[in-house]
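Input sequences plus hints: build the corresponding full structure.
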Amino acid sequence: MVLTIAAVFGVASSWMSRERKDMLDEFSYEQAVLAQAVAIDFEQRLAAQRAENDGHTDALMLDEAVRSLLAGAHRLEHAHELMVLVTRPGQGGFLTTDRRLIPSTRLREALDRGDASVQVPRDEAATFGLPRRLAIAGLARVASTNDTSWGVVVLASAQRIRDRERHGWWRLGATTLIITAVVATFGAIAQRRQRTELELQRQIAISSLEREREALLAKADKMAALAALGTGIAHEVGTPLGVIVGRVDQVMPRVEKDERAKAALGIVLDQVARIQAIVRGCLALARGDAPHLDKTPPAILAERAAALVAHRFDHAEVILDVETTEGLPLVACEPSLFEQALVNVLLNACHATPRGGRVAMRVEERDDRVVFVVDDEGVGISDEVAKRATEPFFSTRREEGGSGLGLTIAREIVSHHHGTFTLAKRTGIRGTRATIAISRA
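The sequence shown maps to residues 15 to 455 in the numbering used here.
Mixed in with the good hints, there may be bad ones.
What the hints assert, rightly or not - Cβ-Cβ distance ranges computed for the label pairs, FRET-style:
1) E228 / A188: 57 to 63 Å
2) A51 / G106: 24 to 30 Å
3) R127 / L186: 34 to 40 Å
Keep in mind the hints are simulated off the structure, nothing from the lab. We put the CB at the ideal spot given by N, CA and C, even for glycine.
Here it is as structure tokens:
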């Protein structure tokens, strides 16, 4: 606001300065024209005197011409505003119409230079009987005489210009005050509106932060409940698993000669060991312990996860394709846990895909990461559902028995391995894409 007012005042001041200069230039031109007219009249008077004296010019004739000129010039004068001066050969000053002789080096030098006009300072103007204000002198040489040192000066006060300038500055001041008042009024209105908008934005931000905080608290409560549930389940599952292992150990000697039964019991023991590893991993995950990392080929992780869900895909009549790239770098992970994350993602894709559809999992290297991409042929996930899909107990298949924990567990396992897990609708094609990225070992 201050800059706006200053800019307006600066522009107006510059305009006033130019206006003053233009007025002085115009006034100087007027005085020069008037002086030239008086000089021409003087020349004509001298010519008439010479004609009466048969072409001769003497001192008496010149005095008569000067008296005649001054008498005529007196009619042009205005008291304290305009006066006519004459300077004659050898005269040290300038003769007024009332026969005063006033010296002026400034006017003499201007006449000698042939200037048409000259500005006379206020103090010097006062010596001629004009107001103590800047004066403008119009100058002209009397060229028809034998001695060209004759000169005519029309001296006028610039007080009217000064008065006009003063009135202009008063108008400028009044205009500036009006503009200042208008700008200040609009500025106050704008500032009040800005404060209102800022306050509204602050309230919106506070409300948004409160909603985010409530969402985080709800999520934390769900995660705490999930951790407690996982701990309880792990404790409760441990006893039956111990019983299963004990019974298998009892039966194993009795089927020593039955290879099929022996192999079946071996599979049971392997799966029990897998369950126990997953339970230990989930407990460590709930406690926030660092995972026990092994350098593992990513292709093996993908193939094991696919093998674990193969029967579910067969039952759902959904085709599962697994594509891996040769020469993939090893990844550092806890194999049983990471396989479980892949299993949960594959099962979610299987549930979303209609019968006869296809789910594709491919493993590739991007920059310094190994990426597992799972594409299904379902209806596709919306942005809103994608944001909530990994929340604990959130499920779009609740009436079909969905627990809302599969993707939550997958995300927590991936985060536990410092990886990333994203869900998004496939671009330009039907279905959803799940992406798990983990750093190379």
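Here is what the structure says about each hint:
1. E228 / A188: 57 to 63 Å: holds, 59 Å
2. A51 / G106: 24 to 30 Å: With a Cβ separation near 26 Å, A51 and G106 satisfy 24 to 30 Å, so the hint holds.
3. R127 / L186: 34 to 40 Å: holds, 36 Å
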